[in-house]
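**Q** 1 is the number of the first residue of the sequence shown in the UniProt record's numbering; add one for each residue after it.
These are computed hints drawn from the structure, not numbers from a lab. Watch out, some of these pointers could steer you wrong.
What the hints assert, rightly or not - EDC-like cross-link-like pairs, simulated, lysine to aspartate or glutamate; straight-line CA separation at most 20 Å:
hint	residue 1	residue 2
1	K89	D46
2	K102	D46
3	K89	E99
4	K95	D46
5	K35	D46
6	K102	D75
7	K89	D106
8	K79	E34
9	K102	D92
10	K95	D106
11	K101	D46
12	K89	D75
13	K102	E62
14	K95	E67
15	K35	D92
16	K95	D75
17	K79	E62
18	K35	E62
19	K35	D75
20	K101	E62
21	K35	E67
22	K89	E67
23	K79	E67
To be verified - Here are the in silico distance ranges between beta carbons for each label pair:
hint	residue 1	residue 2	range
24	K95	V33	15 to 23 Å
25	V33	Q88	17 to 25 Å
26	K35	S91	18 to 26 Å
27	T105	G69	16 to 24 Å
28	E99	F36	36 to 44 Å
29	K89	K35	14 to 22 Å
30	H63	E34	14 to 22 Å
31	L94	V33	13 to 21 Å
32	D92	V33	18 to 26 Å
33	H56	Y100	16 to 24 Å
Predicted model only: the values in this text are computed from it and were never measured. Idealized CB from N, CA, C, for every residue including glycine.
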Amino acid sequence: RQPSTSKMKTREKNMTTNETPPTLRLEFKESPVEKFLSNCHFWIVDEHKERSSYSHHLHFNEHRLMEHGATVTYDYSSKVTHVLCNSQKNSDVLKGLSEYKKCVTDYWL
Numbered sequence: 001r002q003p004s005t006s007k008m009k010t011r012e013k014n015m016t017t018n019e020t021p022p023t024l025r026l027e028f029k030e031s032p033v034e035k036f037l038s039n040c041h042f043w044i045v046d047e048h049k050e051r052s053s054y055s056h057h058l059h060f061n062e063h064r065l066m067e068h069g070a071t072v073t074y075d076y077s078s079k080v081t082h083v084l085c086n087s088q089k090n091s092d093v094l095k096g097l098s099e100y101k102k103c104v105t106d107y108w109l
């Protein structure tokens with residue numbers, strides 16, 4: 001059985017055109033690399049930053065947090081996801097806990 005002439009004409013037409021076939025161009029955009037603490041917002045409570053012996057240690061912790069994608073603040077806001085403190089006996093920490101924030105010490109870092 002022979003193919004119909006209309007199919008043959010279509011095939012010949014497609015094969016004999018001088019048009020260049022469309023090329024597929026892929027463009028890759030670099031997506032920002034999310035670090036493991038991205039979307040974590042740390043609130044450093046006053047009791048933690050007031051200890052003068054901790055000033056260098058606190059700066060180191062801030063740097064470490066930001067290096068891994070976290071944001072650090074000294075003021076409470078709705079964006080806060082973690083409370084960095086020394087103990088849970090502080091009224092600021094209790095406020096964070098009552099709003100279901102994660103309470104962590106610098107040992108956790």
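**Q** State for each hint whether it applies.
**A** Here's how the hints hold up against the structure:
1. K89 <-> D46: With a Cα-Cα distance of about 13 Å, the restraint between K89 and D46 holds, given a limit of 20 Å.
2. K102 <-> D46: holds, 17 Å
3. K89 <-> E99: holds, 16 Å
4. K95 <-> D46: Given pair K95, D46 holds - Cα atoms ~13 Å apart, limit 20 Å.
5. K35 <-> D46: violated, 27 Å
6. K102 <-> D75: holds, 16 Å
7. K89 <-> D106: Cα-Cα ~16 Å, so holds.
8. K79 <-> E34: Holds, at about 18 Å.
9. K102 <-> D92: The given pair, whose Cα atoms are some 13 Å apart, holds under the 20 Å limit.
10. K95 <-> D106: Judged against 20 Å, a Cα distance of about 19 Å means the pair holds.
11. K101 <-> D46: The hint holds at about 16 Å.
12. K89 <-> D75: holds, 18 Å
13. K102 <-> E62: With Cα atoms ~17 Å apart, K102 and E62 stay inside 20 Å; holds.
14. K95 <-> E67: With a Cα-Cα distance of about 27 Å, the restraint between K95 and E67 is violated, given a limit of 20 Å.
15. K35 <-> D92: violated, 28 Å
16. K95 <-> D75: Holds, at about 13 Å.
17. K79 <-> E62: holds, 17 Å
18. K35 <-> E62: At roughly 15 Å apart (the allowed maximum being 20 Å), E62 and K35 satisfy the hint.
19. K35 <-> D75: With Cα atoms ~23 Å apart, K35 and D75 exceed 20 Å; violated.
20. K101 <-> E62: holds, 18 Å
21. K35 <-> E67: holds, 9 Å
22. K89 <-> E67: violated, 29 Å
23. K79 <-> E67: holds, 19 Å
24. K95 <-> V33: 15 to 23 Å: violated, 33 Å
25. V33 <-> Q88: 17 to 25 Å: violated, 34 Å
26. K35 <-> S91: 18 to 26 Å: At 32 Å between Cβs, range violated.
27. T105 <-> G69: 16 to 24 Å: holds, 20 Å
28. E99 <-> F36: 36 to 44 Å: Check failed, 23 Å falls outside 36 to 44 Å.
29. K89 <-> K35: 14 to 22 Å: violated, 32 Å
30. H63 <-> E34: 14 to 22 Å: holds, 19 Å
31. L94 <-> V33: 13 to 21 Å: Hint violated: Cβ distance 36 Å, outside 13 to 21 Å.
32. D92 <-> V33: 18 to 26 Å: violated, 33 Å
33. H56 <-> Y100: 16 to 24 Å: violated, 32 Å
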